[in-house]
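> The primary structure of each chain is shown beneath.
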Amino acid sequence: MNPELILHLILWPPLAGFLINGVFGARMPKWLVSTIACFSPLLSFAASVAAYIQLAGQATTVKLYTWFVGEGSAIVDFSFLIDNLSIVMLFVVTGVGTLIHVYSIGYMSGDRGFHRFFAYLNLFVFFMLLLVLGSNLVVLFAGWEGVGLCSFLLIGFWYDNLEYNRAASKAFVMNRIGDLAFLVAIFLTIYTTGAVSFADLHDTMTNDVRINDPAYVAISLLFFIGVCGKSAQIPLFTWLPDAMAGPTPVSALIHAATMVTAGIYLIARMHFMYDLVPVTQLVIGITGCLTALVAATIALKQNDIKKILAYSTVSQLGFMAVALAAGAYITAIFHLVTHSFFKALLFLGAGSVIHGLHGEQDIRQMGGLRHKMRWTYGVMLVGTIAIAGLPPLSGFFSKDEILTAVHSHNMGFFIALALASAFTAWYMFRMFASVFHGAFRGKNETWEHVHEAPWSMRGPLVVLAVLSLAGGLLGLPAITGQSHRLYNFLVPAIVQPKISASHAFEYALWGISLAVILTLLVICFKRYGSSGPSVPSVTPSFFERLLVNKYFIDEIYERLFVHPLKIAGSWLMHRGDYGIIDRVVHFPGKVVESGAFALRNLQDGKLSSYLLYSVVALLIFLTLFLIF
Amino acid sequence: MNHIPEIIRTIPLSHYVALSSALFLIGLLGVLIRKNIIIVFMCIEIMLNAVNLLMVAAASYRGDSAGQVMVLFTMAVAAAEVSVGLAIIVMIYKNLKTTNIDLFDQMKG
Amino acid sequence: MYLAALLIAIPLASALLSFFAGKRIAPYLSLASGVVSLFYFLLLMGSYDVVKNYLSYNTSLAWIPEMRIFFHVGFDAAAVLPLLLTQLIVTLSTLATFVSGNDRNAAYYGLIGLTHAGLNGFFMAQNPVTFYLFFEATLIPVYFLVLQYGGPERRKAVFKFFLYTVFGGLLMLAAIVFLQFHMREHLSLAAWDDFYKNKLDLKYQYWLFAAFFIAFAIKTPLFPFHTWQADLYAQADRPSLMIIAAVMSKMGVFGLIRFDFFFVEAIYRWQYFLIPLCLIGVVYGALVAWRQNDMIRLLAYSSFSHLGLIAAGILTMANLGIQGGLFAMLAHGLAAAGLFFVADVLIRRTGTTQLDGMSGIARLQPRLSAYFFVIVLSAVGLPLTCGFVGEFYLLWCLAEYKPYLAVFGGLTLILGAAYLLRFYQKTMFGQTPVHITFRGLSLSEDYVLIVIGLLVIVLGFFPIHWVGLGQYAFRFMNHLPAN
Amino acid sequence: MMTAFIFLCLFAIAAMFLGFTNIRGAIVPLAFAGTSIALYSVISGQPFWNHYLTGMVETGGTAKILCALVLLNALALIPFYAWYERRGQEEVGDFTGLFLFASMGAMLMVSSTHYMSLFLGVEILSIAMYVLAGADRRKSKSNEAALKYFITGSFTSAILLFGIGMIYALTGSLEIAGAVEVEGQSLLQLAYLFVFTGFALKIAVVPFHFWAPDVYEGTPTLFTAAMASLVKLASIGAFLRIIQLNVDLLPAWLNAYYAMLILATLILGNALAIKQQSVKRLLAYSGIVQAGFILMGFISLRPGEEWPVLFYFIAYVLASVVCFVVVHFVESREGTDALDAFRGLGQRNPILAGTITLALISLAGGPFTSGFVAKLYVLNQAVANGYAALAVVAVVCTLMSVYYYYKVINAIYSKSADQALPIEPVYSGLLILFTLITLAAGILPSFFTGLLK
Amino acid sequence: MDKIFYILAALTLIAAFMVVISRHPIRSVLFLVATFFLISAQYILLNAQFLALVNIIVYAGAIMVLFLFVIMFLNLSRDLERFASWMPIAAAGISVGGIGLLLLASYRGAQISTDTVGNYDSGLVEQIGEVLYRDYLFPMEVCSVLFLVAMIGIVLLNRKERELPAKLPLP
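Residue numbers (the numbering used here), protein chains in the order written: chain C, 1 to 628; chain Z, 1 to 109; chain B, 1 to 483; chain E, 1 to 453; chain A, 1 to 171.
Because the hints were derived from the structure by calculation, they are not lab data. Where a beta carbon is used, it is the ideal one built from N, C-alpha and C, also for glycine. Treat the hints with caution; some may be incorrect.
From the structure, some residues in chain E lie toward chain A, with a derived Cβ separation under 7 Å [to be verified]:
| # | residue |
| --- | --- |
| 1 | 113 |
| 2 | 116 |
| 3 | 120 |
| 4 | 182 |
Cross-link-like lysine-lysine pairs, in silico, DSS-like; alpha carbons within 25 Å at most [to be verified]:
| # | chain 1 | residue 1 | chain 2 | residue 2 |
| --- | --- | --- | --- | --- |
| 5 | Z | 97 | E | 415 |
| 6 | C | 443 | C | 498 |
| 7 | E | 453 | Z | 94 |
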């Protein structure tokens, strides 16, 4: 198979699935819809495997046609790059994507928007593929915006609910803020380097190494703002928790596994530039740490199962950002991959819980579900300990690698991340214990109807659980004596030194983290295992209030940006147009009118006045022409 | 025949010009200040006569008959105007019962 | 060679026939003329070789030979996209009147035809006087269209529009008269190409450019000359509003393109002031649109906002700006026509223009909501729609000019998404009222929306040939003095 | 040329005599035929009996064209006087006759080479128009119009005559083409100024316009049409001829004089028109403004370059005839010429509405109408001679005119419940014909200017 | 001779001025007649006897009789006219005076050349007649048209109204 065919096979099936389901889905039976929907990413997955086998690590660019041409050499091709980085991403996107598609068959089976949902999901996969395959910034940007669009559509999937709609447009608009920065960054890139494709950029920037060049700093910062929007970093992260309004598979696919990691992917893609700008790296690091900490602390006090997971996602994205800041791009990708496994698993598991409880999401209304949902309980356990970072699950290795990398890079970051991972363990165990242990705290009739998910849902869960369990094998640290497979695979695409630390440090880290996590496990199960999360006290402490209210960030944004803009809009609408501009413009008209009015008084109908005026005019003319 | 009238030898033409101008201006003044439409009209006649005088003088001083013929026509015109004008005045008097020039102000603005 | 003039003659003939045709025949006549001109245009374009023969099919007549004034129309690269837009939108607008209960009389279609002819002439005008002639000529039928078929408050709105536009037109006329007569020894005014080669004293440039700019700023409209727009749009008959919003609003920016190479120095001097002015309009329009409850007004302000960006791009005098401006004109034209048509569809069915008055229409009419969404996407400039390409170029050239201006202008990305999604969600999403019966889309409505939707996507994927035209349009740009 | 005068007089007298008989239906066709014959003899340059003119009338060149225009104008208007016949008014013979005499006077004015015949022409035209202004004897407005017109007219004659007399006194010649350099002789300059003022009063340009709106408003509308077209045509034509014949002798300040008149006319005339409620009055002001535009063609007039002014005549006369005729029909139905009377005309009679609309657009200088081209011509004259600022002001002042034309059009196309306003097809046909000519002159001006040259 | 001119001139101006300022219409008419006579006297001085006669016949004889007739007919002889208020009078006075001053200023610099020597008897009847029917035949004819127009006009304006058919109401 030639690369072009492979590319076509990867790229177009999801789009075809979207078109078929979107146009004809309403008139097709559900089984056909779901088959088409699931097979299209599966086909892409298969083609990705083919690409993995066929291309064997060679970076291949496939140009379809020239999209448009800018000035000079800036030619924007509609072209795609298949290298090892994109293959990793392809696997994640199509692999996890397929699983989630399958899961959705069961999850969405009762929904009237069944075909619509799958159409959107397929479209999302298409845009995500565009994003990861794009060989230049503009195609990447197309995918970037496209996934945002699908995110909008899927968050607001149940569009009867105005709250959901609000969340959807909030997500889109916030993403748009980042996208604007992204766009400007593209322009600046073209302006400074004249190139737009990654290959050219790579050549330009590696040939002419300029550390902390102001242009590069600006560009990299702007890209990072874009990343903040998409990957939910401070300050643009507030949309992600709200995005949980969408159906749970969406949260799993878009807002955990794939789309939100696009930012991480972008920076990894552009790693050659970020290597040149330590200033930006510092900014990314600080932002990442803050994000990891803030989100983790907020998650401590949340009671909505999906919100907890959402904040956890934000927090984990912070981890990845810090890894990027430390120059450990492959580590970030590693965490991205493992995170996509266990976070998808957690979300889908949560979905299973919600499904079983008929839409209940509040963990205070749960408890003791392990008796009725054994499968779910099992996979959730895997997911929870994977994210908490117990060895030898995937999360442990990737997080450990991040900590190792950061430790050698910046001690402050290290402490922050260590704290954040402790928090992670805490809130995850709190959630897990509240949901599955103790006694059921909801209504009795709900308890009656609690049931395990169908096999179409359970299957993907199991697969993901296996992946979460074994995902760590991709990147075993040096002390295990195994080779870091992901590193070896990605090194052609991402030039980066191997992460290594002294064995002593590694062992210490392992030991301490194991001890901390186990301690937390015990505390959490004791504390929440029986009674669930505590009822908020009547006089919550300042910190408690802060955490419950998510640091009031939404409110601050509302006050600081949205509200003033709204006022400005209203003011302009009511005063600006009619009050100011019209008045100014009409002023000369008024003058003419009043002048005309005055003049009309001259025209008083009296013949004697008329004659007099004429004579006066004659006199004036005579005088003028005698003088001049 | 062709003897030069004494006046032409003694008085410069500019005096006639001045005289007729003065006459013209008196007529003009009358037109402007009088309210009775008939008097106004009469003042216009004074203006016309002033011009006539001017032209006759100029014609005489040059021995050119064009001016005199012109005056003849002017008189004819004046006569025609007067007749039409008085007809109009009579007509309007029938309707409005006034000859005050300032009272004809139905149309203005 | 009267080939280009034929493009004016077809709609003109149809218009004149329409005036005398009956009420039943006129719509079909008008539609036929639209379709015929569209195909005729495509025919011309198919055989138009921009590289070899930049100005083709031109008709030059000595109109007023005493003053060396020529009536000169022709087909050049700059005209292609606006012409395409004109033929498309006029046809679609005619199609949009094919609804039950259409009580427009024959004169309506006659006026549409006149507008069509005027617009074709305007875009093909090859010298300033012809340009002005059509600039004003299109105003008259549009004025009557709104006056005769508009909403209840149309009188005031049309008055404002008319006076503003005529004022601008008069300023332009004054400038052209000055150029044509005062400078005639120095200038060649027969065709754009000769025209651009002229050198004009800076002191004249200032004044003349100011006159032209105000004319175009009013026509477009740009901040702060925009207050007529929303009022007019809110009152105009909506199918004709498609033409007004989609094509007529391009006349101003197109004028800027036509004339800015003549006032190079003046624009370079004033760029610092003018581009921010346009961009203020971008944000202003977006903010007001965001707070609007009346959907026509919302779209009007959205149009105002987008056109500000186009004008800003053109004023950068960069190749990118011109290309982007031309393409964005097409893109915005399609999107605006589509949006106004959707608004028309909604208003005809619900009887209200208020956003608060509707909700949940997607449930009743999923097809409509899909078309609508595609058009919205183009309007917010999502990649792979044609709106993106235009905005990309425009922001690009702004970024090359002054990056912070690109950020400022790029606020349209954010605010545009905010207000258009709000519009979309308020109408399409939300609870579906139980008692509402929402008539399904008729065949003609389907056609209009499909054509616009498809074009939006196709042009988004394959813009290159269309965008590229902009380069040829101003191939002499390389000889411009340095900034 | 002489034959034209004779035919006009003969047919006028014939029309008047027919007025006493019962075959009044023949009057208008007869008058039309007479005017056509006169027009033919003017255009064909018929030298027959021309020796009787004793050199006081020019038979070729601009004079010929102007005479032809006067007669064409008469041809355009005469058919509408049949309206009086239809209405059973027995004065139709007198009206038509007077109108023919007035046309004769106008011809005389525009073709004179001698102040004597010029003055007689002015008076024939004026006296006929005084009478026509008062033709509606029972309406006090018509009376008032006649009176105002008459007093102003005779006052004007006096001023004009004073100027002529002064010129005669100073130069010794009554030939218009005087052979004396005016520059440097202040008294002679003043004399010319008096003459010009006389014409300015006749033409009605600001600040000598005061009589015009009142008179136009009061006069029966069909005669207002004559006043607006014929009188303006004749006065401006005569003025043009005076300038033309003296062009080398007149001092340089003349351009500044025009410029001031034009400026005053355009600004004040337009401003005054803005607030008018009576359409006739509004059109009167519009006529004032148009006269201002025409004067622009006088700036630095060179012999052989009169055609812009002549072309403007065509545009103006066509448009104003159409306007006043339409106003006449509306007024005769509604009893008033207020703007409100025009409400809904677009539905009540689309032809009247369409023609007056196009005429107004032409007056406003809308594209593809003769008014546009005409304005372009005269603006050219101004700009090419260094009066660019004046042209700019003129163009911008047009905004005001657009405003008030707009008001009329707006009223015409507003909805109304009134019943239809039918008019006879002949009139519709004529109005359409004029409109078509207006458009033709806007689209193919070179054909018309070719004729005018 | 010159004294006669000056006396006549002064009298003419006084008479004309009296026309303007007499509040009684009849008195104005009479002063106007006086003015005409004085002007006729000037004509005689200027050797324009024919015009002098015509002036008396046409103006003093015909026109003034018409005026008198109308004044009597309209019964205006009794009411004294109120002049305009001081403002218009002042304005009129100033403007007329201004024009006078301007003319006066111009006379000073004016050289009126009268050196063309023609026929100084041109004012006599036979001369006028000859010229009139030879050189000015055309205006003469036109003048007749003028009278015709005036005549018709007067008849038209003051003819008795006849009622129009009822079905066609006056506008």
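> Are the hints correct? Go through all of them and say.
Structure-based check of each hint:
no.	hint	result
1	113	violated (11 Å)
2	116	holds (5 Å)
3	120	holds (5 Å)
4	182	violated (12 Å)
5	97(Z) <-> 415(E)	violated (43 Å)
6	443(C) <-> 498(C)	violated (54 Å)
7	453(E) <-> 94(Z)	violated (51 Å)
Going through the hint list in order, the structure does not satisfy hints 1, 4, 5, 6, 7.
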